[in-house]
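Novice: Position one of the sequence shown corresponds to residue 1 (the working numbering), numbered consecutively onward.
Keep in mind that the hints are not guaranteed to be accurate.
Cut-off 25 Å, straight-line C-alpha distance, at most; resulting in silico cross-link-like pairs (DSS-like, lysine-lysine) [unchecked claim]:
| id | residue 1 | residue 2 |
| --- | --- | --- |
| 1 | Lys-38 | Lys-7 |
| 2 | Lys-25 | Lys-7 |
| 3 | Lys-38 | Lys-25 |
| 4 | Lys-31 | Lys-7 |
| 5 | Lys-25 | Lys-14 |
| 6 | Lys-14 | Lys-38 |
| 7 | Lys-31 | Lys-14 |
Everything labelled a hint here was simulated from the structure, so no lab data went into it.
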Amino acid sequence: MPFYDFKCNNCGEKFTTRTSYSNIKEVACSKCDSNDVKRQFSAFSVGGNSASSNSGNGCSSGGG
């Protein structure tokens, strides 16, 4: 099951929960137990860190 980020409209708590997509409407705030929550969209990264991912981009520095 995937993880989803939520923000509670009642108390402002931001939390992450693991649930199936079909159960998203049943998620309750981890702090106040309110069902008035909104799913948050967050960026994610795939692969290594940015330093190693950006090094050696395949471009030649010239010469010749």
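Novice: Each hint should be assessed against the structure and marked as holding or not.
Specialist: Quick rundown of the hints versus the structure:
{"no.": "1", "hint": "Lys-38 with Lys-7", "result": "5 Å, holds"}
{"no.": "2", "hint": "Lys-25 with Lys-7", "result": "13 Å, holds"}
{"no.": "3", "hint": "Lys-38 with Lys-25", "result": "9 Å, holds"}
{"no.": "4", "hint": "Lys-31 with Lys-7", "result": "11 Å, holds"}
{"no.": "5", "hint": "Lys-25 with Lys-14", "result": "16 Å, holds"}
{"no.": "6", "hint": "Lys-14 with Lys-38", "result": "10 Å, holds"}
{"no.": "7", "hint": "Lys-31 with Lys-14", "result": "9 Å, holds"}
Of the numbered hints listed earlier, not one is contradicted by the structure.
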